[in-house]
Amino acid sequence: NAGVTQTPKFRILKIGQSMTLQCTQDMNHNYMYWYRQDPGMGLKLIYYSVGAGITDKGEVPNGYNVSRSTTEDFPLRLELAAPSQTSVYFCASSYLGWGTEAFFGQGTRLTVV
Amino acid sequence: QQQVKQSPQSLIVQKGGISIINCAYENTAFDYFPWYQQFPGKGPALLIAIRPDVSEKKEGRFTISFNKSAKQFSLHIMDSQPGDSATYFCAASLSRSGNTGKLIFGQGTTLQVKP
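In order, the protein sequences belong to chains A and B.
According to our numbering, the first sequence is numbered sequentially starting from 1001.
According to our numbering, the second sequence is numbered sequentially starting from 12.
Do not take every clue at face value.
[What the hints assert, rightly or not] Distance condition first, Cα-Cα at most 27 Å in a straight line; then the derived DSSO-like pairs of lysine-lysine:
#1 B:Lys68 <-> B:Lys82
#2 A:Lys1044 <-> A:Lys1014
#3 B:Lys16 <-> A:Lys1044
#4 B:Lys53 <-> B:Lys68
#5 B:Lys125 <-> A:Lys1057
#6 A:Lys1014 <-> B:Lys79
#7 A:Lys1044 <-> B:Lys82
#8 A:Lys1057 <-> B:Lys53
#9 B:Lys53 <-> A:Lys1009
#10 A:Lys1044 <-> B:Lys79
#11 B:Lys69 <-> B:Lys79
#12 A:Lys1044 <-> B:Lys53
[Unchecked claim] Stretches of chain B that chain A covers, calculated by requiring three or more beta carbons in the stretch to come under 8 Å of a beta carbon on chain A:
#13 48–58
#14 94–106
#15 116–125
The hints are simulated quantities; they were obtained by calculation from the structure and are not laboratory data.
Yeah, the Cβ is synthetic: ideal placement off N, Cα and C, and Gly gets one too.
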């Protein structure tokens, strides 16, 4: 099983550009999440989804958008990239939500210059 | 109230020693406390988890100690090995959030085990 797959692995964006970070999982998990990881800050939740067609904001949603049209895919959209969005982004999924293991992708390292 | 505070930020231990990482939380509604291990260039992976109805959980060389009254929990790595060198994150979650599975992470601890 591939688990959670994120693309691209690395990306450099210019200020004001936009891009979509792709995330797909093959475990038929209903729950999916986007986190960002900054040095010394741990991981912060950006958006999450409890099933296809249902999304909600996490702790740090400003500057991002998501959609969930299928169980497998949960893309994260950055509009008008800013230097503050330089970070490592992780997509995760879990089977039952609370109390169950979250499986993480390998991350996308994004630099905004 | 939604924060989880983790210490130390970094830790160096000799091979065979005990590594101890501590976390503290404020929200007494948290009811699931996992620890995640992350190697460089990889995503975090679940290491061990505990729920507040027990005070300790052990899996191999890894033990979680949980002190509900002090709102603290810690990870102990016995007989630490160089292969344990990684970043460790504690986290907390609450079922009362509508079972979203959202995790609140600590700041992370970078562990280096010297041969």
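Index of numbered hints that the structure contradicts, given in increasing order: Hints 5, 6 contradicted; others consistent.
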